[in-house]
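**Student:** Spelled out from the first residue to the last, the chains are:
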Amino acid sequence: FMSMLGGLTGSKPVGKDRLIPVLEAVKEHLITKNVAAEIAENLCASVGEQVEGRTLSTFTTVRSVVQQSLRDSLSQILMPRRNINVLREIITKRKTVAKPYVITFCGVNGVGKSTSLAKVCFWLLENDFRVLIAACDTFRSGAIEQLLTHTKCLQSLYPGKEGSQRVTLYSNKTNKDASSVATEGILIGIRDGYDVIMVDTAGRMQDNQPLMQALGKLIHRNTPDLVLFVGEALVGNEGVDQLQKFNQSLIDYSFAYGDSVKSSLIDGILLTKFDTIDDKVGAAISMTYATGHPIIFVGTGQMYTDLKSFSPESVMNALLK
Amino acid sequence: MVLVELGRKITTALRSLGSATVINDEILQVVIQEICKALLEADVNVRLVKRLRDNVRLALERDDAGGVNKRRTIQTAVFRELCSLLDPGVPAWEPRKNKHNVIMFVGLQGSGKTTTCTKLARYYQRKGWKCALVCADTFRAGAYDQLQQNAMKAHIPFYGRYTEMDPVVIASEGVDTFKKEGFEIIIVDTSGRHKQEESLFEEMLQVANATNPDNIIYVMDATIGQACEAQAKAFKGKVDVASVIVTKLDGHAKGGGALSAVAATHSPITFIGTGEHQDDLEQFKTRAFVSKLLGMGDIEGLMDK
Ligand SMILES: Nc1nc2c(ncn2[C@@H]2O[C@H](COP(=O)(O)OP(=O)(O)OP(=O)(O)O)[C@@H](O)[C@H]2O)c(=O)[nH]1
Ligand SMILES: Nc1nc2c(ncn2[C@@H]2O[C@H](COP(=O)(O)OP(=O)(O)OP(=O)(O)O)[C@@H](O)[C@H]2O)c(=O)[nH]1
Ligand SMILES: [Mg+2]
Ligand SMILES: [Mg+2]
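Protein chains in written order, with the working numbering: chain A, -18 to 302; chain B, 33 to 337.
Treat the hints as calculated values from the structure; they're not laboratory data.
Please note: incorrect hints may appear among the correct ones.
Unchecked claim - Label pairs and their in silico Cβ distance ranges: (1) A/Asp109 x B/Asp86: 36 to 44 Å; (2) A/Gln136 x B/Glu196: 16 to 24 Å; (3) B/Arg193 x A/Gly273: 29 to 37 Å; (4) A/Leu246 x B/Ala320: 25 to 33 Å; (5) A/Leu246 x B/Gln61: 38 to 46 Å; (6) B/Gln61 x A/Thr39: 33 to 41 Å; (7) A/Thr39 x B/Val36: 33 to 41 Å; (8) A/Gln229 x B/Ala266: 55 to 63 Å; (9) A/Gln57 x B/His298: 38 to 46 Å; (10) A/Glu33 x B/Glu126: 55 to 63 Å; (11) A/Gln136 x B/Lys82: 19 to 27 Å; (12) B/Gly160 x A/Lys80: 53 to 61 Å.
Since this is a predicted model, take the numbers as computed values, not measurements.
Every residue, glycine too, gets a C-beta built ideally from N, C-alpha and C.
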């Protein structure tokens, strides 16, 4: 009995033998919650390092110590290293250089870029800004019509004064070069005194070199103030690769053109379709762990109001449940 | 291509058995672990991986013969388990000549339904079938224009209405119209939906009831992770899914979620999408694929011994 109790309350330092089964269970749990396998493994390894050899106080179990250490690691991963206050940045830009703030949305196919753009636009309109949407997906059928529908809808929700809409769409069906459509849009945005310009881009696979280069060009030539990577919470092990390759192609492109590196990196993540995953919130961990980019917005549905700011606590609670 | 990376990792793990001089429990456990790791990294459902692991271990325990035989046992067991994952054991649906074949597309938001509708219509059209497309997505902004532009590009007749908001009405009107006009393959595109929104699932059921499809295709994105199984199961639970198409396999995706969807829907993968263009669709023969992945290569050689 004494030895059993010893095992339970840990009068001796935690050894590998007791740690490994607990860590294995934790790893599996994390993978079930859709954390990428490799990242679940790394996380558990670092938790193991922290716990191994520690002498536990009476009535503390290995499991509870591991839990606590995991919680700490997760919260460190999820806490943004850089705080981005979009509204404040817009106002600052207007005050300092009197120019519109440019936001670009990019990501792989079908993750929700255009819909999220419309949601963010709704939020900006709610905050009294004037927005120009630049339709720079020059590839997919119906892409311009999709944004036009959203624009009309938003116009009826936020009607402008005589002859000046609070939100308009810029598109150019005859120009297939996304980068130059963006440039045209931005020029008009500056001319007409908009506060924000939102640039929608076509979805592309992270391994598609020509398309990734085209994105690099768009960002390099138009130097947006905020580059959002849109990913979906549904994504599995692939999410990390997507984000890393998008970031890398932007770096490669600006390197080739001698930009200062900051001018063309991904600034943050918009994670969509949170409403479709129940408690399998692991993609949020995988993406932030692998790149350190903050999650700025979360998409929770198909309505304009289904845009939330990211809550590390609720993700952590769902993960540890 | 699809699942090659997984196939390679598994074969490598199994091959390490072939080169080991002594096969003891430790080596066997390592091999099983390697295989499970490969499956998890490819987004195969955790529960399915566990089942596979347990079954392989069970097979090993049952087989109390020594060394060489254990090697054989584990190879056979892995082969069998993977086959049963990928092959639902039901034949793929085939359209019938001189009949109206109605195909309905369903799936999560953004999985690639609309794009794949036209790809499939083109595929059959090239084979001489008379095909048509119906847009029953009244929700997504620009859905009508998207399918209409695709259909026009592919020279495929299209039915849709800008002003009608009820997808059930449009779907049945469209299908009826094309039936009257003697079309053989009528493909109905629907909005993206998810199990958490019951009203959307109800709408899907109503569209299915109104059009009485011969084949309901569940379209899934190859990059999906662990949420795959619950969604695929829910779709199958609501309507009679008969086939799966896996899209976006031109990327880096490991496509293991597809295995999980096959298990959840008991429906075979019939096509895979390999790009954004209209011809980027390949036929997928489950049995041929399984034997190619696991049979023709090293494993068959090993198993024959
Ligand atoms: N349930 C849910 N659906 C979403 C969410 N965000 C977007 N969607 C849906 O996902 C689908 C694809 O959205 P889009 O905005 O067209 O995606 P995209 O990334 O612009 O797609 P491409 O431009 O084709 O690459 C649409 O049906 C959206 O309604 C979300 O947060 N939750
Ligand atoms: N790279 C690649 N992209 C694909 C493939 N299939 C579809 N897509 C892209 O994925 C995005 C979404 O495709 P859609 O056909 O609009 O998806 P959907 O399921 O109809 O979307 P909703 O109607 O909003 O639910 C588009 O950008 C397509 O071009 C594929 O096999 N490979
Ligand atoms: Mg889009
Ligand atoms: Mg669609």
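**Student:** Evaluate each hint against the coordinates.
**Tutor:** Okay, the hints, checked on the actual structure:
Hint check: aspartate 109 of chain A to aspartate 86 of chain B, Cβ distance near 60 Å, so the stated range 36 to 44 Å is violated. At about 23 Å, the CB distance of glutamine 136 of chain A to glutamate 196 of chain B agrees with the hint of 16 to 24 Å. Distance hint check for arginine 193 of chain B and glycine 273 of chain A: the Cβ-Cβ separation is about 48 Å, which falls outside the suggested range of 29 to 37 Å. In this structure the hint that leucine 246 of chain A and alanine 320 of chain B lie 25 to 33 Å apart at CB is violated, the actual value being about 45 Å.
Take leucine 246 of chain A and glutamine 61 of chain B: their Cβ atoms lie about 44 Å apart, and the range 38 to 46 Å holds. A hinted range of 33 to 41 Å holds for the C-beta pair glutamine 61 of chain B and threonine 39 of chain A, which are about 35 Å apart. Range check, threonine 39 of chain A to valine 36 of chain B: about 53 Å between beta-carbon atoms, so the 33 to 41 Å window is missed. For glutamine 229 of chain A paired with alanine 266 of chain B, a C-beta distance near 36 Å fails the hint of 55 to 63 Å.
Between glutamine 57 of chain A and histidine 298 of chain B the beta carbon distance is about 43 Å. The supplied range of 38 to 46 Å therefore holds. For the pair glutamate 33 of chain A and glutamate 126 of chain B, the supplied restraint of 55 to 63 Å holds, since their beta-carbon distance comes to about 59 Å. With their beta carbons about 53 Å apart, glutamine 136 of chain A and lysine 82 of chain B fall outside the hinted range of 19 to 27 Å. Between glycine 160 of chain B and lysine 80 of chain A, the C-beta spacing of about 58 Å keeps the proposed range 53 to 61 Å intact.
In this structure, the earlier hints numbered 1, 3, 4, 7, 8, 11 are contradicted, and the remaining ones agree with it.
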